[in-house]
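On the provided structure of chain A, position chain B as indicated by the hints.
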Amino acid sequence: MLAEIILILGIVVIGTGGEICLTRAMKTIGEVHDFRPRALLSVFGRAMRVGWMWLALLLMTAGFFSLLGMLSLENVSFVVPVTALSYVVGAYGGALFLGEKVTRQRWLGVLLVCIGVTMVWKGRG
Amino acid sequence: MTPGSGLHLKTFFLLFIMVVFGPLGDVLLSKGMKDLGEIPNWSLAELAHLFVGVFTSGVIWLGILSLIGFFIAYTLVLSWADYSFVQPASSFSYAVVALLGHFALGEKITLLRWAGILVICCGVLIVGHTPLRTTQDAAESSMQPTTLERT
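The listed protein sequences correspond, in order, to chains A and B.
First residue of the first sequence: 1, per the numbering used here; consecutive thereafter.
First residue of the second sequence: 1, per the numbering used here; consecutive thereafter.
Isolated chain A, as found in the complex (with noise of 0.2 Å):
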C-alpha cells in the first residue's frame, strides 16, 4: 500500500510539475503554425534550447517509471483514472507559475473529477 501511494504521489506530482514546466517551455517558443516535418523539427530544437525543456524531460522521466511500476501492481484500468488526480496539481500550478486563470467553472470540473477519482479507488474490485 505504501509502494502505491509513493508511486501514484510521483505520477501525479512529479509528473505534472515536469507537464507544467513542458508548458512553460513550450509558451516560451510561441504557438506552432507550420506542421510540416521541416518545420516541426525546428521547434523541437528550439525547444531543446529551453532550460525548462530539460526540466520537463527529466520530472516526466521520473513520472513515467513511477507509472510503470504502479502498472506492475495493479490494473490499468485503475491506475489511470486515479491518476487523473494530477488535475487539482495541474489546476494549482496553472494558476500559480503559469498564471493562467482557473475559473470556478474550472475548478467545479476539477472537482468533479476528484470525486470520480474517488470513486474508482473505491470500486477496486
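Because the hints were derived from the structure by calculation, they are not lab data.
Keep in mind it's a predicted model, so treat the numbers as computed, not measured.
Okay, the calculated bits of chain B under chain A, using three or more residues with CB under 8 Å as the criterion:
no., stretch
1, 15-28
2, 94-107
3, 113-127
Beta carbons: idealized from backbone N, C-alpha and C, even for Gly.
Below, chain B alone, put in the same frame as chain A:
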C-alpha cells in the same frame, strides 16, 4: 490572437490524437509490465532486473512509441492552449483506457469504477466549456524570462 475556428479545429484534432494514442500506450505498457511480473521486493537488484526487462520488451517499446505520438500532439497543443484546459480536456482517455483494459486485457471493472470514470468525464465536459486560453500570447506573456528560459 482570438481563438477562431481554425485554432479550434487544430486543437481538437490534436486532442483526438492524444485521446487515441495515450490510452493505447498505457494499455501496452500495462500488458508489458504484467508480462514481466510483479516486483517481489524493491531492492536495487530487483529494480535493475526490472529496468533491463522493461527495455527489452517489444510490447513496452510499442507502448512508448504510442506515448511519443501522444507527447508530440500534447506538446504542440500546449504551444497555444492553456495547460488547465488541455489537461482536463484530454481526459476522455480515462474512458478509452477503461474500455481497452476491459476488452483487450480482460480486466474486471466494477460498476462503481465505471461510475467514477463517468463522473471524471462529466468533469471534463465542464472544463471543456471554459475559454481555450486565459493568458496573453507568448510574446506578451506576463511570465518574466528566468535563468531556465533560453539557456
